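Participant: Sequence:
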Amino acid sequence: MPSIHSRSRVAAPIEKVFAFFDDPANLSRLMPPPVSIRPVRVSPLPPQPGTVIEFSYGIGPFRRSWLVRLLEHQAPTRIVDETISGPMKRFHHSHTFSAAGDHGTWIEDRVDFHVGPDGLIGVVADLLASLVIRATFLWRTARQRRLLRADS
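Per the numbering used here, the sequence shown starts with residue 20, numbered consecutively.
If you're looking for bench data, these hints aren't it; they were derived computationally from the structure.
Owing to the predicted nature of the structure, the values given are computational and were not obtained by experimental measurement.
Hints should not be assumed to be uniformly reliable.
Okay, the calculated beta carbon distance ranges per label pair [claimed, not checked]:
#1 Ala161 with Gly69: 26 to 36 Å
#2 Pro136 with Val54: 30 to 40 Å
#3 Asp121 with Val142: 40 to 50 Å
#4 Asp41 with Leu139: 15 to 25 Å
#5 Val142 with Glu34: 33 to 43 Å
#6 Ala161 with Arg83: 23 to 33 Å
#7 Ala154 with Thr115: 16 to 26 Å
Built from N, CA and C at the ideal position, the CB exists for glycine as well.
Build the full structure now, drawing on both the sequences and the hints.
Facilitator: Set out below in structure tokens:
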């Protein structure tokens, strides 16, 4: 199963960074255009292990539902979620936050995914998805630095 790792530093305290990522509505602020995503339902609130988040995502008028379950929720250091149903057969995402000194925070992401189906077609699909996910994290890194600096 493919895996992508990302690590970046933001100039904001860990509590503020965790609070930003703990709010599902902020995901839309981190996605590159032309992708739009918004939470439709979050239950139960506040977010905790077992919380299910339903997102509506898409490009233009083409929308799809994406269901995600929180597996871990350890303020202010870790959030882990996985896809129940959505664009990929498997999508497991861990966000880890650690203090970086001088009121900064390291943000580490790890995404394990598999688009499916199995076999050669799945390998090609995973490769293409890997390119898209990597590009998305490059965009996210720049956005989170800007947003969290402005919010601190």
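Participant: Indicate, hint by hint, whether the structure satisfies it.
Facilitator: Each hint, compared with the structure:
With their beta carbons about 32 Å apart, alanine 161 and glycine 69 fall inside the hinted range of 26 to 36 Å. At roughly 24 Å, the beta carbons of proline 136 and valine 54 sit outside the given window of 30 to 40 Å. Against the hinted window of 40 to 50 Å, the Cβ-Cβ separation of aspartate 121 and valine 142 comes to about 44 Å, which satisfies the hint. Against the hinted window of 15 to 25 Å, the Cβ-Cβ separation of aspartate 41 and leucine 139 comes to about 40 Å, which falls outside the hint.
Under the hint 33 to 43 Å, the C-beta atoms of valine 142 and glutamate 34, about 41 Å apart, fit the expected range. Checked against the hint of 23 to 33 Å, the pair alanine 161 and arginine 83 passes, with Cβ atoms roughly 26 Å apart. Look at alanine 154 against threonine 115: about 22 Å separates their beta carbons, and that is inside 16 to 26 Å.
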